[in-house]
Structure formats: C-alpha cells, structure tokens
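If you're matching positions, the sequence shown starts at 1 in the numbering used here and goes up one per residue.
The hints are simulated quantities; they were obtained by calculation from the structure and are not laboratory data.
Note that CB positions come from ideal geometry on N, CA and C, so glycine has one too.
Errors might be hidden in some of the hints.
What the hints assert, rightly or not - Per label pair, the in silico range of CB-to-CB distance: (1) P87 / P116: 17 to 27 Å; (2) E103 / E32: 32 to 42 Å; (3) G68 / L100: 27 to 37 Å; (4) T79 / T117: 29 to 39 Å; (5) S129 / D13: 27 to 37 Å; (6) T99 / A64: 12 to 22 Å; (7) A64 / R125: 18 to 28 Å; (8) T79 / D36: 33 to 43 Å; (9) R125 / E14: 27 to 37 Å.
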Amino acid sequence: MLTHLKFLATPVDEYTQKIEEHLAYLRRMADENVVDRHLADKAIQVWSVAWFEMNQTLPVPAAAAFTGGPIEYHWERETHRASVEIPLDGPCHWFYRNTLTNEVFGVEVPVENGLPTLLRKYLARLIPSRR
Numbered sequence: 001m002l003t004h005l006k007f008l009a010t011p012v013d014e015y016t017q018k019i020e021e022h023l024a025y026l027r028r029m030a031d032e033n034v035v036d037r038h039l040a041d042k043a044i045q046v047w048s049v050a051w052f053e054m055n056q057t058l059p060v061p062a063a064a065a066f067t068g069g070p071i072e073y074h075w076e077r078e079t080h081r082a083s084v085e086i087p088l089d090g091p092c093h094w095f096y097r098n099t100l101t102n103e104v105f106g107v108e109v110p111v112e113n114g115l116p117t118l119l120r121k122y123l124a125r126l127i128p129s130r131r
C-alpha cells in the first residue's frame, strides 16, 4: 500500500494542491502498472524526506515515471537546475547545475539516510525567497 502524506492546510492553497496532484500522479503510475508500486512508494518517500528537510518549502518537482522505472524529479528556478533519479533498488542519484556559473554537484544517497548538508545547500537555491 502506498504511503499517504497528510498535508495540513485550510483552505487548500495552491502549493498544497500541487503536492496532492504530485502524490496522485505517483499513485496513478503504480495503479496503471507504469512503475512498480514499491518504486512509487520510494518516490513518495524521497519527496517527503526532501520536503521535510527543506522546512516544507521545497517546490513541487516536475515528475516523470518511465515504464519499469526509474522515476525522475526535476526542479528549475532561475539559473538553478536540480534533479533526482529514483531507481527501484539502490541509492537515489541527485544532480545540481547552475546554468550561469556552470557549477555542478552530484551525489548518490540512499533515501533512508536523509539529505546530506551540501545537497540541502543546493536545494535551498530552488526555494523562492519570501520578501
């Protein structure tokens, strides 16, 4: 059974709606046998770990599920690009690139280990500032 995250927001704001649509997409990909149910669960876990570790402000990723796996998440904000490839087995492959400076960073991380400090630093660049 897929893990369900409960996001509390009353009334449902646009951000919460995007999260719910993202989770529904992952459940649908498993229900339609595009990906293994365990892979969809792992993708939900990756999202929830990243979301919580980034203080519940990480933008909802664009997600792509490929027949048989993997699932990929992609983020884009100004010159910052990040992605994670989520395979059924093994660690997740994270990648960051700044298109202006060509700064790059990549790391493989098992989802159960959480996010390394340096990865959180790069993901923080994807979060719009609240001025």
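Kindly confirm whether 29 to 39 Å is satisfied by the beta carbon distance between T79 and T117. Given about 22 Å between the Cβ atoms, the range is violated.
Take the C-beta atom of G68 and the C-beta atom of L100, compute their distance, and say whether it sits inside 27 to 37 Å.
36 Å, holds
| field | Range hint 32 to 42 Å (beta carbons of E103 and E32) holds or violated | value | Once the Cβ atoms are compared, 38 Å apart, the range 32 to 42 Å for E32 and E103 holds.
| field | Range agreement (Cβ of P116 with Cβ of P87, hint 17 to 27 Å) | value | 18 Å, holds
- Holds or violated: 33 to 43 Å for the Cβ distance of T79 and D36? 35 Å, holds
Inset, instruction - Look at the Cβ atoms of R125 and E14 and judge whether their distance stays inside 27 to 37 Å. - result: The hinted range 27 to 37 Å is violated for R125 and E14, with Cβ atoms some 22 Å apart.
Point to revise | Cβ distance range 12 to 22 Å for T99 and A64, holds or violated | key: 20 Å, holds
### Query
Okay, A64 versus R125 on CB: inside 18 to 28 Å?
22 Å, holds
Return holds or violated for the Cβ distance of S129 and D13 against the range 27 to 37 Å.
18 Å, violated
Hint compliance for this structure: hints 4, 5 and 9 are not met, and every other hint is.
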